[in-house]
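Colleague: Sequence:
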Amino acid sequence: MKVFLLLVVILIVVAIVVLWRRGNANREQQRLDDARADAQRWYERLGGQVLNLHGDEPAARQALSDASERYNAAGGQLQQAKTLRQYELARESALEGLAYVRAARTAMGLDPGPELPALHGAQGAGQLTKEREVTVQGQSYKAGPQPGAETPYYYPGGRVQGRPVPAGWYSTPVWKTALGAGAGVLGGMLIFDALFAPGFGDMGYGDGYQDGFQDAAQDFNGAGDFNGGDANGGDFNGAGDFGGGDWGGGGDDFGGGGDFGGDF
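If you read the sequence shown in the numbering used here, its first letter stands for residue 1, the second for the next number, and so on.
Keep in mind that the hints are not guaranteed to be accurate.
[Unchecked claim] Quick list of the computed label-pair ranges, beta carbon to beta carbon: (1) R41 - L19: 51 to 61 Å; (2) A37 - G113: 39 to 49 Å; (3) G121 - E57: 25 to 35 Å.
[What the hints assert, rightly or not] Below, in silico cross-link-like pairs of lysine-lysine (DSSO-like), each with a Cα-Cα straight-line distance of 27 Å or less: (4) K142 - K82; (5) K142 - K130; (6) K130 - K82.
What the hints contain is simulated information worked out from the structure, not anything from laboratory work. These figures come from a predicted structure and were not determined experimentally. Every residue gets a Cβ at the ideal spot worked out from N, C-alpha and C, and that includes glycine.
With the sequences and hints as input, model every part of the structure.
Modeller: Given below as structure tokens:
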């Protein structure tokens with residue numbers, strides 16, 4: 001009798017475990033199905049916009065080209081996606097494409113359409129609210145909140161090399177340069193420093209940027225190369241290129257009486 005009762009208990013436990021695992025598997029499958037459907041919905045919406053919009057303005061053409069690139073990327077991601085994270089990445093690509101579509105519609109003088117869900121990659125980046133222009137290594141760079149002949153490249157906001165870059169229109173896609181390697185990275189970082197350096201009063205972009213910038217700054221603080229090493233007491237401080245020279249003082253490009261003195 002005891003043996004029989006023990007077998008009954010074992011069977012009950014096994015049945016509970018099987019049902020629990022099956023329930024978890026069903027819930028996980030439901031989450032995957034929901035994520036797939038959500039990503040597919042934004043992807044199809046992007047496809048409709050890409051196929052039906054055509055712009056002659058340089059800014060609109062560039063934004064639509066970027067939207068088309070994100071459409072292709074999202075399609076490839078959807079085809080290969082098998083996990084929740086992969087479907088989320090496909091959704092993000094589609095939303096980025098739709099952000100470019102909204103920018104293209106703005107450049108064409110059309111209603112940009114309904115607001116989109118916030119881009120995960122753009123959190124804390126903010127957006128430009130006024131025009132700015134800087135000169136870095138002898139070349140002029142412009143950025144602003146509206147498209148123009150001199151600012152035809154739209155960026156929906158995000159992080160480049162760990163640094164927040166606000167949404168807006170730019171004279172050149174410097175974020176692509178900064179994602180490269182070698183001298184291109186340094187050049188891109190210098191441009192970002194010049195355009196978005198803190199401490200100049202009105203930053204010209206949303207409050208979220210400050211939090212993002214401070215988070216990114218942690219990567220360059222502490223015991224790394226940018227504190228106590230190359231950037232402190234070395235090449236980037238004192239009498240070097242970035243201390244008391246182009247970035248310091250009162251009469252130079254980045255000082256009180258230069259290009260960055262009054263605009264910010």
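Colleague: Indicate, hint by hint, whether the structure satisfies it.
Modeller: These are the hints, each one checked on the structure:
| no. | hint | verdict |
| --- | --- | --- |
| 1 | R41 - L19: 51 to 61 Å | violated, 33 Å |
| 2 | A37 - G113: 39 to 49 Å | violated, 21 Å |
| 3 | G121 - E57: 25 to 35 Å | holds, 26 Å |
| 4 | K142 - K82 | violated, 42 Å |
| 5 | K142 - K130 | holds, 11 Å |
| 6 | K130 - K82 | violated, 43 Å |
Hint violations for this structure: numbers 1, 2, 4 and 6, all remaining hints satisfied.
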